[in-house]
Amino acid sequence: MSATPMPPFPRAGELPEEDPRAAILDPAILEELLEVVWSTFVDPETPLLPIGPEPVLDAYAAVVTIHGASPLRVELAMSGPAAWGVAGAMMAGTGIEVSDPDVRDAVGELANVLGGNLKALLPEGARLTLPQVDVAASVEVDASVVAAMSWNGAVLVAGLRPLLPEEAAAAAPPVTQVLADVPPTRTGELS
Amino acid sequence: MFALVIDDSRTMRRIVGSVLSQCGLTPVEAGDGQEALDQLERLTAQGTPPVLATVDWNMPVMDGLTFVTQVRNDHRWLDLTLVMVTTESEHGQIVRALAAGAHEYVIKPFTAEDLISKLSLLGLVDENSEVLA
Numbered sequence: 001m002s003a004t005p006m007p008p009f010p011r012a013g014e015l016p017e018e019d020p021r022a023a024i025l026d027p028a029i030l031e032e033l034l035e036v037v038w039s040t041f042v043d044p045e046t047p048l049l050p051i052g053p054e055p056v057l058d059a060y061a062a063v064v065t066i067h068g069a070s071p072l073r074v075e076l077a078m079s080g081p082a083a084w085g086v087a088g089a090m091m092a093g094t095g096i097e098v099s100d101p102d103v104r105d106a107v108g109e110l111a112n113v114l115g116g117n118l119k120a121l122l123p124e125g126a127r128l129t130l131p132q133v134d135v136a137a138s139v140e141v142d143a144s145v146v147a148a149m150s151w152n153g154a155v156l157v158a159g160l161r162p163l164l165p166e167e168a169a170a171a172a173p174p175v176t177q178v179l180a181d182v183p184p185t186r187t188g189e190l191s
Numbered sequence: 001m002f003a004l005v006i007d008d009s010r011t012m013r014r015i016v017g018s019v020l021s022q023c024g025l026t027p028v029e030a031g032d033g034q035e036a037l038d039q040l041e042r043l044t045a046q047g048t049p050p051v052l053a054t055v056d057w058n059m060p061v062m063d064g065l066t067f068v069t070q071v072r073n074d075h076r077w078l079d080l081t082l083v084m085v086t087t088e089s090e091h092g093q094i095v096r097a098l099a100a101g102a103h104e105y106v107i108k109p110f111t112a113e114d115l116i117s118k119l120s121l122l123g124l125v126d127e128n129s130e131v132l133a
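Sequence order for the protein chains is A and B. Mind the numbering: the first sequence is residues 1 to 191 in my numbering, read in order. Mind the numbering: the second sequence is residues 1 to 133 in my numbering, read in order.
Any given hint could be a false lead.
What the hints assert, rightly or not - Among the chain B residues that face chain A by a calculated CB cut under 8 Å, a handful are: (1) 10; (2) 11; (3) 12; (4) 75; (5) 77; (6) 87; (7) 88; (8) 96; (9) 101; (10) 129.
The set of hints was computed from the structure by calculation and includes no laboratory data. It should be emphasised that the depicted structure is a prediction, and the values quoted were computed from it without experimental measurement. For each residue, glycine too, the CB sits at the ideal point set by N, CA and C.
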């Protein structure tokens, strides 16, 4: 972590038109993707309702970074009740009692799917990081574009932020780079 | 019959495993490609090789594409059906996975019906979503 403050990042509408991220820095796109992911994996019955931006309390917050020529940070934060509800809904029918690691994993996987679908809107060659999930008493999603939603009264906020090259370099590396850094696996022993 | 469910997300493993169980398959979980190779060796050694593996792409230790490539390079597992289940949805990535030896491709998010439909296309389940012996 660097103590040097990062330069201000562009808000929606401030990127040059030729930047491929300009087209997806749109709250409507973020809301739509979130709703698709939500209705498929979490709750097909209860729609997400847009609300005004607000801090997420007792929060589970997941971040994935899209690396490449057009780096983006994707954040998904949800209140404790929303996060536990998500994990319970995603594991419904498995007979498994949900625990805190399950909640972290579920929130991270939703961020991963959201990030993957956003990556698909960028030119080919972008790479995704594994999700990083943290728990905090309060989270304010610091992003260029934010979609704040309510699910059964529980708050979730998704945010998109274009990254400057130096910010992308400081973020978690993409999976492929991580793999390249890993010493040879035991694969050779299996053949 | 066994099915390997390979994903670094335990939530996703359970979602996919639940669908496969509904079809009559017995899911065996692995959190990355290397763990999946180990499970594959174990199941093969005990005479019950899996008929199917669902494979995430982005995983630590060994990614899904490497797993597919390694499986396809081993004649013991020529009959193993490989289905990518991943957020990687670019055309180029799909082509890479299919060229490496994956049979089908499911993009997250997906419904149970989406996954069963692919298994049906591959001849693994019948019209009642039950596994074909």
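Hints and how they fare:
no.	hint	in the structure
1	10	holds (5 Å)
2	11	holds (4 Å)
3	12	holds (6 Å)
4	75	violated (11 Å)
5	77	violated (11 Å)
6	87	holds (2 Å)
7	88	holds (7 Å)
8	96	violated (11 Å)
9	101	violated (16 Å)
10	129	violated (15 Å)
The structure does not agree with the numbered hints 4, 5, 8, 9 and 10 stated previously, though it agrees with the rest.
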